[in-house]
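Taking the hints into account, I'd like the entire structure generated from these sequences.
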Amino acid sequence: MAEFRAAAGEWMTGARRAGRLPLLAATATLPVLVLMPASFAAQAAGTQAVEAGPAEAPRVIGVRTGTHPGYGRIVFDWPARTEYQAVPTDDGLLVRFASPGQARLDGVAVPRNVTELAQAEGGVRIATRPGVRFRHFHHGPKLVIDILDPSAPAAAAAPPAASVATAPEPALPSAEAVIADLAQAMQRPNPAVTPRPAILASASPATASLPATPIAPEALPPQEPAVVRMAQALPPSGPRMGTPLTVPAQTQGFTLLPQAQAQQAQAQMPTVPQIPGMPQVSAPQPGATLTRPIVLEQGSGRLVELPAAAVTVLVADPRIARVQPASPTSLFVMGVNAGRTNLIATREDGSLVAEFDITVQSSAAGVPQAAPATAAAIAPVTAGQVQSMIRRMVRGGQNVRVSIVGRGAIGLTGMVPTAADAQRAEAIAKAMGGEGREVINNLQLLSGIQVNLRVRVAEVSREVTRDLGFNWRAAFSDGSWQLGLRTGSGVVGTIIGSLTGASAGTGGLVGAGYTRGNWDVNTIIDALAQDRLVTILAEPNLTAQSGEVASFLAGGEFPVPVAAAGNANALTVEFKQFGVSLSFVPTVLSPERLNMRVRPEVSELSEANSVIFPVAGGTVRIPGLTVRRAETTIEVGSGQSFAIAGLLSRNSAINNSGLAGLGDIPVLGALFRSDRFRRNETELVIIITPYLVRPVSDPSALGTPLDSFRPATDLERILFRRQTGSGAPYREIRPPAASGFIVE
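Here the sequence shown stands for residues -44 to -1, 1 to 700, numbered as in mature numbering (1 follows the signal peptide of the UniProt record, and there is no 0).
Hints are not guaranteed to be accurate.
Subject to a maximum C-alpha distance of 20 Å in a straight line, what follows is the list of computed DMTMM-like cross-link-like pairs (lysine to aspartate or glutamate) [what the hints assert, rightly or not]:
1. Lys98 x Asp33
2. Lys532 x Glu563
3. Lys532 x Glu560
4. Lys98 x Glu311
5. Lys98 x Asp46
6. Lys386 x Glu513
7. Lys386 x Glu548
8. Lys532 x Glu513
Pair ranges (Cβ atoms, derived) [to be verified]:
9. Pro373 x Thr660: 30 to 38 Å
10. Arg635 x Lys532: 26 to 34 Å
11. Phe598 x Ile481: 50 to 58 Å
Bear in mind the hints are in silico, worked out from the structure with no lab data behind them. Quantities reported herein were computed from a predicted structural model and do not represent experimental measurements. Beta carbons are placed, not taken as given, at the ideal position from N, Cα and C, and that holds for glycine.
Structure, rendered in structure tokens:
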């Protein structure tokens, strides 16, 4: 791996800025010494060399902006991973690549703080306003350019910029002092807990002839005078050295160390200092992923929009932050305890939708803290924090009161406009309360909303039966000899007795008999053709208030004998329901959406499935039930229809029986066998339609089946065989206006 020859991760300014020292500018004349990120080992004039990959021109693959109005980022796809240069110019930054071909821009947009992004001089020219500062670092095959315009007005009140001063003392501060001062200025914990050597690179032998100059980044809050100091070194344009220059901790001046010892010290380098108000960027590590930052205070939250619909959302440490989906493309993210975690949203196929780096700051100190080591370190959420979150994220949340009741349970009282708002408030309380913490939801709706459910159960069943067969009974008797033959159901007694003794459901029978001397031959031909068509249409309607259970039954009950408990010889009677029944629980989510758990059923008595039990010397026939039932939970709009269940069934059966041998004889074999064919076809569909309804003030506006009914008189019933009268109905329903349209 060739040495990295640019202080990547540090901020640099174009050389045209008057009165400021240019950081990492290739054309700089004043010597400055900057801290290196932990993953790099040497410094030069804005040039980096890494292991070469396949020869392919770099291209811009994306830009983005952050919460700071003056922040922007440009990401290059850099598969060749050859040498590049980042050179400040009078109007921005010039990035040159030592790879074949021109860098490709592919028509991407530019950040808001970049005036132009164009190809120039074997690379890319980034034109900006005067005073804009840059930071660059590589991440695998990606090159990242961060851009900051400190003069851009922030969304919130930003701390004033620190001034630039010149230190009167030319003495060179130690490396550990530089690390400590930078950590304090960045409001980050001091990484130099124990003395560690810091790798500082130079391009020529060290001198101490030039005074050190303190430089305070403009995005930092004001600190004590000269709190941020830059150690001195020779200009980066000098000749390269065989070994890098390093400065051990607690040491004034420079000391030359071998290359191997310098590489061992790299693992102890601190992370890249961060600037408040900017996205948190760490030193690039192999295999890392660039994420979008989210900074929250403990007990607060925000609504995060996703670039696409997500199916799975995962928070690495729910003790730090919790998430509650608001829609397929938005999430509620709530800070629970101080610390840092990440959130990943993926699609159904597992591909990444978005990734967020979440930092939760302590509400007391206002700075990120380390994640708690155990569950005992998690501070319980307070009622005020939950109430503050509900007021910000729930419509009508100002009317919700939160209290801690019992053994830490969260109680919700007050009023919200809809049931969806009540569910959202409960979800926020559960997410902030944590696992195992009970939430008592006593929220009331501003107005009772009622739902009318119309269910249509339609069924058509057709049964076809075809029977054709010969039933023989033949007998021969001569003294002591007897010979007989019987096929099918045979003939019992005489032909007339067999025909009259057949069951009521049997039809299509033709019989004949012959008797002479010792011969007695009888036959019955079974030729039955039966078609059966059954249609069922049930339309129950039921109205219930949102959130309440409603049930309806139109049918009856039949008795079923059941053995008494503890006494096998005693019987008790239970009644089973049959007919048309409906049960549902509606929940109004919004004026346009309803959630319902519905259970329609249509049943009827069936003798085909009946069971006969012997009881007290007799028998009891218990009929069976033919049932059509569905139970599901759906979400629809008012007035919309939904087919919640359907059935298409076709059954066919063929039964052949006859006398073995004789029934297989061609042509004549048909006289000794019977064929039975049956086919069943059934089509069933269940459709529901909910409506948001309100009661009417005029009772006459509601019609009944009796409004247009008049019983027939005796004369109409006897002479004209009418069951209803032919006169006008008692009440004629008219439109509400003489002309116009009636819109449902």
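Each hint, compared with the structure:
At most 20 Å may separate the alpha-carbon atoms for a hinted pair to count; Lys98 and Asp33 meet this at roughly 5 Å. Using a Cα cut-off of 20 Å, the hinted pair Lys532 and Glu563 holds, with the two alpha carbons roughly 15 Å apart. At most 20 Å may separate the alpha-carbon atoms for a hinted pair to count; Lys532 and Glu560 meet this at roughly 11 Å. Between Lys98 and Glu311, the direct Cα distance comes to roughly 17 Å. Compliance with the 20 Å bound is thereby established for this hinted pair.
Proposed proximity of Lys98 and Asp46 is contradicted: the alpha carbons are some 26 Å apart, above 20 Å. Distance hint between Lys386 and Glu513 is unfulfilled; the C-alpha atoms sit about 45 Å from each other, more than 20 Å. For the suggested pair Lys386 and Glu548, the alpha carbons sit about 26 Å apart, so the restraint of at most 20 Å is broken. Using a Cα cut-off of 20 Å, the hinted pair Lys532 and Glu513 holds, with the two alpha carbons roughly 5 Å apart.
For Pro373 and Thr660, the hinted distance range of 30 to 38 Å is satisfied, since their beta carbons lie about 35 Å from each other. The hint said 26 to 34 Å for the Cβ distance between Arg635 and Lys532, and at roughly 31 Å that hint holds. Separation of Phe598 from Ile481 is about 53 Å and conforms to the stated range, judged on CB atoms against 50 to 58 Å.
Comparing the model with each numbered hint stated earlier shows that hints 5, 6, 7 do not hold.
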